[in-house]
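Required output: the full structure, derived from the provided sequences and hints.
Take 326 as the starting number for the sequence shown in my numbering and just add one per residue.
Incorrect hints may have been included.
[What the hints assert, rightly or not] Under the rule of at most 27 Å between Cα atoms (straight-line distance), these lysine-lysine pairs were calculated in the BS3-like manner:
no., residue 1, residue 2
1, K331, K418
2, K331, K397
3, K331, K368
4, K454, K399
I should point out that these hints are in silico values taken from the structure, not numbers from a laboratory.
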Amino acid sequence: MLVTEKECRSALSRCGIPGIDYCLNPYTGCGHGCLYCYASFMKRFCDIPEEWGSFVQVKVNFADRLNAELRKGKRGRVILSSVTDPYQPVERKYRLTRSCLELLSGTDLAVEILTKSDLVLRDLDLLKKLPRIEVGLTITTTDPRLARLLEPGAAPPERRFQALARLAAAGIRTWIFISPVVPGLADTEENLATILKKAKAAGVPEVSYDPLNFYPAAVSNLRAVIRRHRPEARLLFEAACRAPYCYRERLRSLAAEIWPAYGYEPELP
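In structure tokens, the structure reads:
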């Protein structure tokens with residue numbers, strides 16, 4: 326993983342996610358190296374020849390810029406992060422996310438975190454100080470071997486469930502994001518039901534999902550993994566690629582059936 330440092334002009338960015346006013350992305354790129362990453366479009370803003378998923382740019386002055394912007398009295402809801410993971414491996418060294426939380430604790434902004442890492446537990450002391458905080462963990466599969474193929478740099482699924490349980494026990498509102506639901510690999514009733522069952526055991530009140538977006542780079546990466554490691558999934562994956570609408574409708578029907586069985590209301594994309 327290539328790690329470089331740079332300075333940024335701003336920290337708080339307006340966000341188009343429904344219900345979110347601002348996003349904070351202290352890093353460009355991500356050490357988790359997820360094969361399905363939707364943020365690969367960010368590469369065009371990086372003067373780096375390496376492939377997306379193999380580099381991280383650290384915005385070393387990010388906290389200073391955020392501190393200056395927060396003096397203007399921002400209000401609303403902010404998410405860490407929208408196009409990177411705030412708790413990817415380099416956060417252990419640079420601690421930019423922790424610096425952001427320290428600054429946000431003195432504001433009126435509601436804070437939402439979305440990550441694939443149990444490193445979020447390091448900052449439990451700060452999370453408890455935030456009056457309006459939600460922490461979501463993305464979990465695509467409960468199969469550790471499949472997770473290793475799809476998300477090679479991320480924490481194993483079981484560690485994410487354990488982190489959710491500890492957060493919930495500390496009084497932090499949590500949620501699970503099954504994203505993306507990869508056809509042929511993670512869209513089985515068994516996988517989705519197991520996630521819901523473990524979510525209930527961890528005290529998670531909300532579970533949402535998002536179907537795979539068939540970006541060319543993501544499709545190419547997933548095809549390579551399926552060809553080499555899970556050839557039995559090829560027909561289902563290719564069928565979804567040919568008919569994304571039918572795939573989404575099948576997931577909607579599956580969610581409407583499974584979610585209530587575990588006490589959840591499905592948020593249907």
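Problem set entry | Hints that the structure is at odds with (numbers, increasing) | none
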